[in-house]
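Protein chains: 2
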Amino acid sequence: MPDLDFHAPRLFVDAPLREGERIALERDQSNYLGNVLRLSAGGNILVFNGRDGEWRAAIEGRKRPDGLSIIAQTRKQDRLPDIAYVFAPLKHARLDYVVQKAVEMGACRLQPVLTRHTQVSRVNSERMRANAIEAAEQCGILSLAEVAEPVALDRFLDRRDSARLLVFCDEATDVAAPMPALQAAEAAGGIDVLIGPEGGFAEEERALLLRQPKTLRLSLGPRILRADTAGVAALALVQAALGDWRG
Amino acid sequence: MPDLDFHAPRLFVDAPLREGERIALERDQSNYLGNVLRLSAGGNILVFNGRDGEWRAAIEGRKRPDGLSIIAQTRKQDRLPDIAYVFAPLKHARLDYVVQKAVEMGACRLQPVLTRHTQVSRVNSERMRANAIEAAEQCGILSLAEVAEPVALDRFLDRRDSARLLVFCDEATDVAAPMPALQAAEAAGGIDVLIGPEGGFAEEERALLLRQPKTLRLSLGPRILRADTAGVAALALVQAALGDWRG
Chain P
1 MPDLDFHAPR
11 LFVDAPLREG
21 ERIALERDQS
31 NYLGNVLRLS
41 AGGNILVFNG
51 RDGEWRAAIE
61 GRKRPDGLSI
71 IAQTRKQDRL
81 PDIAYVFAPL
91 KHARLDYVVQ
101 KAVEMGACRL
111 QPVLTRHTQV
121 SRVNSERMRA
131 NAIEAAEQCG
141 ILSLAEVAEP
151 VALDRFLDRR
161 DSARLLVFCD
171 EATDVAAPMP
181 ALQAAEAAGG
191 IDVLIGPEGG
201 FAEEERALLL
211 RQPKTLRLSL
221 GPRILRADTA
231 GVAALALVQA
241 ALGDWRG
Chain V
1 MPDLDFHAPR
11 LFVDAPLREG
21 ERIALERDQS
31 NYLGNVLRLS
41 AGGNILVFNG
51 RDGEWRAAIE
61 GRKRPDGLSI
71 IAQTRKQDRL
81 PDIAYVFAPL
91 KHARLDYVVQ
101 KAVEMGACRL
111 QPVLTRHTQV
121 SRVNSERMRA
131 NAIEAAEQCG
141 ILSLAEVAEP
151 VALDRFLDRR
161 DSARLLVFCD
171 EATDVAAPMP
181 ALQAAEAAGG
191 IDVLIGPEGG
201 FAEEERALLL
211 RQPKTLRLSL
221 GPRILRADTA
231 GVAALALVQA
241 ALGDWRG
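These protein sequence lines map, in sequence, to chains P and V. For the first sequence, counting from 1, position 160 maps to 160 in our numbering; every step adds exactly one. For the second sequence, counting from 1, position 85 maps to 85 in our numbering; every step adds exactly one.
Quick caveat, the hints were computed from the structure, so don't treat them as lab data. Among the clues, some could well be false.
The list cannot tell twin chains apart, which means a pair is met if one copy fits it or any two copies do.
As the list claims (entries may be wrong) - The calculated lysine to any residue pairs, modelled on SDA-like cross-linking and capped at a C-alpha distance of 20 angstroms, are:
1. K76 with I224
2. K91 with G43
3. K76 with P222
4. K91 with Q138
5. K214 with G42
6. K91 with G200
7. K63 with E126
This structure is a prediction, so every number in the text was calculated from the model and none was measured.
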């Protein structure tokens, strides 16, 4: 990580990035740079668009920042491992938090699923996307996690690519060692990490999950974990065993 | 975990627990049971004191809950692995969160350490203890994590038992695989898991850490993790490699 500049402000822009390109800023971006970060014309920030890597850019604009001039590339585009975070959504602030943490932990896709004991029946996808962008900006991430619309668990299972490994955490599993199981798993086709609702899976949901090919049913220790804690813990184990925490 | 009752309210009481014992409730406990949980005389809860396991208890009291009558033991006292969470404290709500997560993840001791880039210079230890108790109550944990007073990093290192493994996360480490290193580590003497400030360790602090015997310097992947995320992730890896997530 020595190449990462931890301190420069980073901004996601939805435009092609090339040397000399000029990009117009949207009002909320202008406000963020000018009023929140107190930057003005000439100030430098880092920009990314999820495709072209990271670039240094200079702020332009007389009264307030209204554009960016793209200067030079600082980092090439990289790729996240194919790890999707599939989760029973929570309410409001807890959902914001879960989205941010999943992005920090390197999930490339966020898929809310609705189960019997899920706390909410719909989610604000735009808010999820905004949280995903902000987490990527703040944590030096060059890819933008895809935010999918919520679906019922059975429909998710029916439509998903069954060549993917399905890792799910189940409080009903006897405590067993997760790492050897993960380290031995076949994950070349991608991984779905499923975190269920805090009320647990219903019996028929558990049965449906266990009927999927390539499932790995994990216990996350002998204590109860809240959903947001379980998410970070499960992703840490998956990244360390199968993802890009392996150096 | 099938023996855990996920739904019964749990209360920490600082009194011996034996069949037939009667325990007086403190005002805030009475308020919690009566007004928040809306329980009254005859209602059952689970109680623990960190020493005698978990017991079923009946609420007593005419106008409001004022005591508990201890009925029968539901779980024997267990022990947490000897994993201390040593961390640069954060502000207020973020500190509450870090304490709760560390307890959920099974830390037996919480030790704030002050470093060059730590955000705060003091912590509210009573508030930390209250958060530790609440997390134990909500997550079915029978032991009470010890909350230590903050100390400067150099004093912590000077006073600690050097037979303990010191795991610290360092953004300056090149990305390497944490799991093989952890799985090979010698941890019989206990483990200190150190999460530094978000600004990173100062050079002299890093040098001091690397001079400690039995250190394991971990990278938590190629992305920047916020301190609370890093804490859960590090504890997940330590518990899975060396702790009680091994079945």
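Now for the hints, and whether the structure bears them out:
1. K76 with I224: between (41 angstroms within a copy, 17 angstroms between copies)
2. K91 with G43: neither (38 angstroms within a copy, 30 angstroms between copies)
3. K76 with P222: between (42 angstroms within a copy, 14 angstroms between copies)
4. K91 with Q138: The answer is between: 18 angstroms across copies meets 20 angstroms, while 23 angstroms in one copy does not.
5. K214 with G42: Cα proximity of K214 and G42: none, with 53 angstroms in one copy and 48 angstroms across.
6. K91 with G200: Intra 16 angstroms, inter 32 angstroms, cutoff 20 angstroms: intra-copy only.
7. K63 with E126: neither (30 angstroms within a copy, 49 angstroms between copies)
Violated hints, in rising order: 2, 5 and 7; the structure is consistent with all others.
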